[in-house]
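Undergrad: The primary structure of each chain is shown beneath.
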Amino acid sequence: MHPLLSNPRRLALYLLAWVPFGIFVQVILRGSSPSDGAMLAIFAGVLALFAAFIALSAFYSNRLAPLAGSTPWRVVAVQAGAAGISTLLWIGMGSLAIRAIESVAGRDAVTVDLGRALPLLAGIGLVGFLVSAAIHYLASGFEERRAVERRALELQVTARDAELKMLRAQIDPHFLFNSLHSISALTISDPPAARKMCVGLGDFLRATLQVGNRPFITVGEELALIDRYLGIEQVRLGNRLQVSRSVGDDASSVLVPPLLLHPLVENAITHGIAHLLEGGRLSILVKETQRTPAYLFLQIVNDADPDRPKRTGTGVGLQNVRRRLSTVYGDTASLTTSDHGESFQVELLVPIRRESMPQAVEPEMMAPEVHA
Amino acid sequence: MTPLRIAIVDDEDLARRLVREYLEDVPDVEVVAECANGFDAVRAVSEHKPDLLLLDVQMPKLTGFEVVELVGRDQPVVFVTAYDQYALRAFEVHAVDYLLKPFERDRLMEALDRARQRIERREPEPARAAVAAAGDARPRPLERVLIRDGAKVHVIPVSRIDFIQAQDDYVAINTEGKELLKEQPLSELEALLDSRRFVRIHRSYVLNLDRLARVEAVSKDSRVAVLKDGRELPISRGGYARLQELLK
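In order, the protein sequences belong to chains A and B. First residue of the first sequence? That's 21 in the numbering used here, and the numbers climb one at a time after it. First residue of the second sequence? That's 1451 in the numbering used here, and the numbers climb one at a time after it.
Excised from the complex, chain A in its bound form (with noise of 0.2 Å):
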């Protein structure tokens, strides 16, 4: 529907903007007229009100002729067709109610010689409704703009929005809090380990700001991260926290999202070994699949308290980087969890992807290659 239409204020003001143009028709049709009286002002009236709803078609013939993908021959077709038909169709209109009037008013009421004036009407007819389509023209473009507009300022809202809902999800406050009152400690009965563990956290928080912002990083930074973050838990959890890894041959130059595996650590200490009296055992496995073609294989185990509560917040680590599989992988990757009460374990599996082999570079124009 031409929107207009769907509000009543707007439609008033809008016709209340065709009053000049019925006391111009009323001049013009003076004319062609012998008398005028108060039944030729009602006449010009009716006919600026069939011209107001008329001329909103143009929003229709727009739109079966948009400027954008057409050619200006269909521009033209269209719009001097639609002009016609509608220029015939008020004329046609205004006959009806010059009958209609005299019927109610008595003959020769409005003392209008149509076909004195037809040549007149049918000009302004047809003018008025190509300035209509011009206007709607104008109207539409407008708005696409505007359209246009919003929409990029939303997907710029929502592109920075997932951004930080992608930081807070990779740092845990808490984390954070926990670690600086190891630190304040350590303080007092061993400086240089508080030191240490300022520079661990240092390095641990710079590494997820440099990754976090690339598509990919190798399994090798990512276990290098990890390494980080859980000698940081170490401290905090002294020798209730071990931890065996087992990292395949080929496995660490696999290309994967970065901090894909960082939020499963953090919830396996968190949810699952920080909940045990004496601690417990956290397995890193990580290798590539032997069957064709083959996947990259991820495993995270840790002990775990049998009895724990079950609603503990796991889900939104999981679903997190469930979402960010679906979005990097589509189908083709996967996460499963198994819950065997006394040890819980995630497993992935991710399509293979490699850094494009190094182009041939100059050795001195190679960059200086960093040690992690």
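Among the clues, some could well be false.
[Unchecked claim] Cut-off 20 Å, straight-line C-alpha distance, at most; resulting in silico cross-link-like pairs (EDC-like, lysine to aspartate or glutamate):
#, chain 1, residue 1, chain 2, residue 2
1, B, K1511, B, E1484
2, B, K1602, A, E298
3, A, K216, B, D1463
4, B, K1511, A, E298
I should point out that these hints are in silico values taken from the structure, not numbers from a laboratory.
Could you slot chain B onto chain A? The hints should help.
TA: Relative to the frame of chain A, chain B by itself:
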């Protein structure tokens, strides 16, 4: 001044060490126990009757709040945690103070002052109604029931409860053939349980729906619930209506 006798409860060794060091040369303070988990804390309260618990919230097996539930709200407690979202709940269980990690020594001293004032004034535990008005921030429904038996603590997941019977001021929790007593009104415990799994079938009985085998009519107006292990519990008229509502 009699020394303030303190028990430090935190699962992290470094966190305990920090508090101990903060307290080292404070006069009139004596650290009577250091506990790495909630079970030890409950035991320490029975054995040492400390004036004040410095209590972590997130710990293995028992949370700080569960420790408070077990030792009673009359035990002055200062919560020490990295999480700020438990503050309302801490107020509800009448905590003396709430310290956010990391904190300075002065902040701890402030908390100790508050504890001393509380102990000197011997403020009674706020009335249950006042606590209820503060809003019950406990997670619902309850997942496990805690029972203190001297220095020993029973943790019973609600799925292992067969039924609960009111006995004067106590409730008798029937689980796996045992009967454990807890000092709590039945209506209060019932309100905390999952109302889709636990139903009040009688003034004195709350039944775990999973244990129900069938309902038998004894006479025209009286029925009994037959449990899967063959035991029978009476059903009142109102209880039968509630049961039917749930089984619909």
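Undergrad: Hint by hint, say whether it matches the structure.
TA: Status of each hint after checking the structure:
With a CA separation close to 17 Å, the supplied pair K1511(B) and E1484(B) stays within the 20 Å bound. Between K1602(B) and E298(A) the CA atoms are separated by roughly 19 Å; this keeps the pair inside 20 Å, and the hint holds. For the hint pairing K216(A) with D1463(B), the CA-to-CA distance comes to about 18 Å; that is within 20 Å, so the pair holds. Between K1511(B) and E298(A) the CA atoms are separated by roughly 11 Å; this keeps the pair inside 20 Å, and the hint holds.
Of the numbered hints stated above, none is contradicted by the structure.
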